[in-house]
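Residue numbers (the working numbering), protein chains in the order written: chain A, 1 to 506; chain B, 507 to 897.
What the hints contain is simulated information worked out from the structure, not anything from laboratory work.
One thing to keep in mind: the hints can contain errors.
[Claimed, not checked] Cβ pair distances, simulated, as ranges: (1) LEU637/B with GLY17/A: 38 to 46 Å; (2) LEU275/A with SER654/B: 54 to 62 Å; (3) LYS142/A with LEU637/B: 47 to 55 Å; (4) ILE521/B with THR2/A: 45 to 53 Å; (5) ILE521/B with LYS142/A: 38 to 46 Å.
[Stated by the list, open to error] Straight-line alpha carbon distances no greater than 30 Å define the calculated DSSO-like cross-link-like pairs of lysine-lysine that follow: (6) LYS518/B with LYS376/A; (7) LYS340/A with LYS518/B; (8) LYS252/A with LYS229/A; (9) LYS330/A with LYS376/A; (10) LYS351/A with LYS709/B; (11) LYS333/A with LYS709/B; (12) LYS790/B with LYS518/B; (13) LYS428/A with LYS790/B; (14) LYS220/A with LYS351/A; (15) LYS398/A with LYS764/B.
Using N, Cα and C, we set each Cβ at its ideal position, and we do this for glycine too.
Each chain, written out:
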Amino acid sequence: MTEYILEMRNISKEFPGVKALTDVNFQVEKGEIHCLVGENGAGKSTLMKVLSGVYPYGTYTGDIVYNGNVQQFKEINDSVAIGIGIIYQELALFPDLTVYENIFAGNEVRKGPVIDWNKTIRQSSELLQKVKLRVTPETLIKDLGVGKQQLVEIAKALSKDVQLLILDEPTAALNEDDSENLLNLLKELKAQGISCIMISHKLKEVIEIADKATVLRDGKTICTLDAKKGEITETRIIKNMVGREIEDIYPKRSHPENDEVVLSLENWTAYDAQLGRNVVKNANISLKKGEIIGIAGLMGSGRTELALSIFGNPKKYKVSGEMKLFGESKTLKHTSEAIKERIAYVTEDRKGDGLFLLQDIKSNISAAHLKGIAPKGVLNLNEEVKVGARYKDSLYIKASSLEQVVGKLSGGNQQKVSLGKWLFTGPKILILDEPTRGIDVGAKFEIYTIMNQLISEGLSIIMISSELGEVLGMSDRVYVMAEGEIKGELTSEQATQEAIMELATQ
Amino acid sequence: MNLLTEARTIVKQNIRDYGMYIALVVILLTFAVLSDGLFLSSRNVSNMLDSAGYIAVLAVGMTLVIVIRHIDLSVGFAAGFLGAIAALFLTNMGVSVWITIPVVLIFGIMIGLFNGFLVAKIGIPSFVATLAAMLIFRGALLEATGASGTIVINNDAFNAIGTGFIPSIAEVGGLHLLTLLVGLAGILFYIYSELTNRKDKQKYGFDVMSFPMFVAKLLFVSAIIGYVVWILAGYNGLSWTVVIVLLVVVVYHFLSSKTVLGRHIYAVGSNPEAAHLSGINVQKITLFVFGSMGFLAALSGILFTARLQSATTTAGTLFELDAIAAAYVGGVSSAGGVGKVTGAIVGAVVMAALSNGMNLLGVGASYQYMIRGGVLAAAVIFDVMTRRQRA
Ligand SMILES: Nc1ncnc2c1ncn2[C@@H]1O[C@H](COP(=O)(O)OP(=O)(O)OP(=O)(O)O)[C@@H](O)[C@H]1O
Ligand SMILES: [Mg+2]
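Let the hints inform the model, and build the full structure from the sequences given.
The structure is reproduced here in structure tokens:
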């Protein structure tokens with residue numbers, strides 16, 4: 001008989017107006033890596049929050065059986081105490097504290113009433129070795145890249161003797177190398193007997209790592225696939241996730257046939273006074289009408305900085321070089337000027353600087369183009385509802401109503417709201433920074449389809465992405481950046497995974 | 507749908523907004539019962555509203571300041587100081603009222619803009635910048651009121667702002683006619699705007715509340731306006747203070763809820779980075795909000811000075827904290843982006859009603875502070891709980 005470390009039985013959970021989970025059954029065997037997949041808003045994060053006690057006993061129905069005992073967590077500490085560790089979709093580290101302080105935050109090593117810092121540091125180094133992170137425990141979190149921060153989170157979980165480690169989209173913000181690293185670490189932990197639940201939208205990873213994969217759709221368990229039986233394949237997962245088959249996730253589009261350049265940069269350099277260095281160096285780029293250019297590169301290669309320096313320079317870099325918009329030389333001093341020139345920038349960090357999380361969907365969508373609902377400075381609130389409804393429908397935003405607060409939407413739907421906000425400004429040049437981060441395949445396909453449709457309407461798109469698949473699948477041309485420089489330009493024929501990685505790691 | 511169930515769902519959905527109105531009514535009724543009706547007598551209501559005026563205008567400005575995640579501690583003594591300036595203009599310098607008031611208001615704007623400049627452009631935390639300004643104005647007030655400590659104002663037109671009433675034209679059955687007419691105009695305007703609003707919504711094909719419910723709502727609100735006006739008309743009618751506060755509320759309510767500028771203010775409060783990337787000039791908005799705060803501080807100073815008919819060394823003491831308390835009772839959130847102008851007014855009236863009612867009942871000063879503190883805490887707790895419930 002199989003031995004389950006965890007069984008969740010008939011779990012249901014309701015939020016006002018939304019039934020997030022309905023009779024979900026979910027079982028994890030000892031020592032397996034179990035992936036949880038499903039569309040945005042399917043209820044994956046909610047299920048894990050029920051499991052970890054974020055939503056305490058009584059706010060859901062159903063049973064959680066852990067190591068054969070029914071558990072009733074009143075708070076997160078109760079689940080931590082019996083070996084359940086969760087790493088949330090949003091990292092929860094203190095950027096200004098050191099690695100060791102973070103690892104033991106809330107779980108301090110004491111000697112009597114005071115903290116034993118020496119022991120803390122020693123244990124931290126051991127944990128860092130375990131997760132193969134080669135930094136000193138004294139390093140500040142903010143000086144680490146996201147990939148390394150993720151490892152610190154895992155070290156933190158390990159410090160509490162986890163037996164069941166839950167990771168909610170751990171690789172969403174990681175590049176290929178860091179992701180690979182992380183997956184290898186999970187395999188090693190598995191060898192040490194730690195069971196693991198991983199939520200991911202990156203199906204390749206799921207296929208690589210999962211022993212089992214459970215698919216959720218609309219808050220219900222659809223099926224559990226078993227790797228041993230060869231069931232974990234891309235087509236099978238997708239079909240169960242979205243309920244239909246998607247032939248080619250990157251929909252076809254013909255290359256543009258004109259030579260009208262809408263945006264060009266010459267010797268474009270941006271100096272960041274705070275960092276004291278050039279974040280963009282001598283970039284030369286051109287974007288044609290109806291074209292998608294991909295900008296590939298590793299984390300920190302200057303892609304976002306390049307985008308911001310084009311988009312009205314909100315970070316106040318010292319910029320030199322020439323930018324031409326529709327053939328005319330232009331300097332944009334504020335994001336509002338960029339918007340006036342019909343440039344839009346969909347940020348990579350939708351929660352941080354993209355959305356107004358406490359406000360509802362409709363006011364987020366109108367936020368960057370209030371003129372569109374207030375021709376004379378006075379808002380037409382009915383028009384706002386109409387506009388909101390239009391984008392909710394055309395972008396398939398899943399929400400109980402337009403009045404729903406954006407912070408409560410699932411990640412993918414937040415991304416769509418963010419996109420809707422910028423489409424409403426009526427852009428001609430759309431800069432998408434990691435447009436599908438944390439988004440399910442179905443929604444990805446929808447966003448790609450929308451991109452193609454925008455192209456057919458004459459827009460031009462700059463797409464920054466760390467996901468090579470989408471760079472290759474969607475771009476007409478690819479620029480590869482590293483250390484602030486454009487290391488090369490590849491046509492869609494030349495662009496291959498190897499070619500891009502070679503330029504990116506030069 | 508049944509009228510009652512509809513009413514219940516409407517109240518449930520808007521419990522956060524209605525909560526403080528309900529609290530206000532409970533407080534008013536409690537005092538009315540405890541004081542054998544004296545509390546809701548024409549004279550007392552009139553007094554109470556007048557005493558709320560100078561805090562109410564501050565609370566309106568403070569709400570917007572808190573909405574953009576800042577604070578302004580200087581408004582109390584700024585009001586005191588500007589009131590003293592007005593007094594000096596009117597007495598020592600013999601400037602006419604019609605010049606004094608606009609000039610003092612402009613001074614207020616300049617003071618606010620300076621605070622805003624320190625906060626927005628130089629990047630000093632608003633708590634510190636305005637704390638410094640508070641100390642400076644406190645000194646300036648002492649300096650301005652000079653040796654005697656009090657500047658008595660004999661200008662009737664000026665004093666009327668704090669103590670006078672609108673002319674009555676005629677008395678009808680012992681009631682103040684112009685007040686009744688203003689009240690009627692208010693009710694008609696309310697009904698008209700609700701009707702156009704409803705028609706607009708229907709034109710867009712949106713859901714509206716059922717017609718009987720709509721009528722019930724109109725009747726209910728009209729009755730409340732009518733009742734208040736009727737009470738006031740029984741004494742001296744509408745005071746100039748109440749007229750000024752109403753104007754401020756109408757203008758600020760419109761500005762904050764119906765204009766692009768207002769939306770920008772809330773956007774900056776919700777997420778300054780996202781606001782910046784949405785093409786909103788965060789510095790300009792910050793300057794505007796502090797400038798408006800300065801303007802309202804000047805107005806508050808004028809109201810208070812006119813009410814006392816003199817400028818004193820202690821004018822403005824703790825006004826800032828009363829205004830902050832009123833704003834929080836009115837539902838503003840320090841996390842930013844949440845809070846309404848109408849809430850601030852209700853908050854100010856709640857606080858004024860508490861003082862007034864307790865004075866009437868002869869509650870000692872020590873208990874008064876404790877009770878007001880308790881109410882402030884309760885309001886914020888209610889706010890946090892209802893927000894969590896929605897989460
Ligand atoms: N606190 C909340 N209040 C109201 N609704 C919520 C709340 N949290 C989640 N929901 C809703 O519950 C549903 C499930 O959300 P959940 O975050 O679990 O999705 P998910 O599968 O993790 O999606 P994603 O892949 O986008 O992260 C969604 O419809 C979401 O809008
Ligand atoms: Mg999730």
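Hint check:
no.: 1; hint: LEU637/B with GLY17/A: 38 to 46 Å; verdict: 44 Å, holds
no.: 2; hint: LEU275/A with SER654/B: 54 to 62 Å; verdict: 59 Å, holds
no.: 3; hint: LYS142/A with LEU637/B: 47 to 55 Å; verdict: 30 Å, violated
no.: 4; hint: ILE521/B with THR2/A: 45 to 53 Å; verdict: 49 Å, holds
no.: 5; hint: ILE521/B with LYS142/A: 38 to 46 Å; verdict: 41 Å, holds
no.: 6; hint: LYS518/B with LYS376/A; verdict: 35 Å, violated
no.: 7; hint: LYS340/A with LYS518/B; verdict: 42 Å, violated
no.: 8; hint: LYS252/A with LYS229/A; verdict: 33 Å, violated
no.: 9; hint: LYS330/A with LYS376/A; verdict: 28 Å, holds
no.: 10; hint: LYS351/A with LYS709/B; verdict: 35 Å, violated
no.: 11; hint: LYS333/A with LYS709/B; verdict: 41 Å, violated
no.: 12; hint: LYS790/B with LYS518/B; verdict: 38 Å, violated
no.: 13; hint: LYS428/A with LYS790/B; verdict: 27 Å, holds
no.: 14; hint: LYS220/A with LYS351/A; verdict: 27 Å, holds
no.: 15; hint: LYS398/A with LYS764/B; verdict: 28 Å, holds
The structure shown violates the earlier hints numbered 3, 6, 7, 8, 10, 11, 12.
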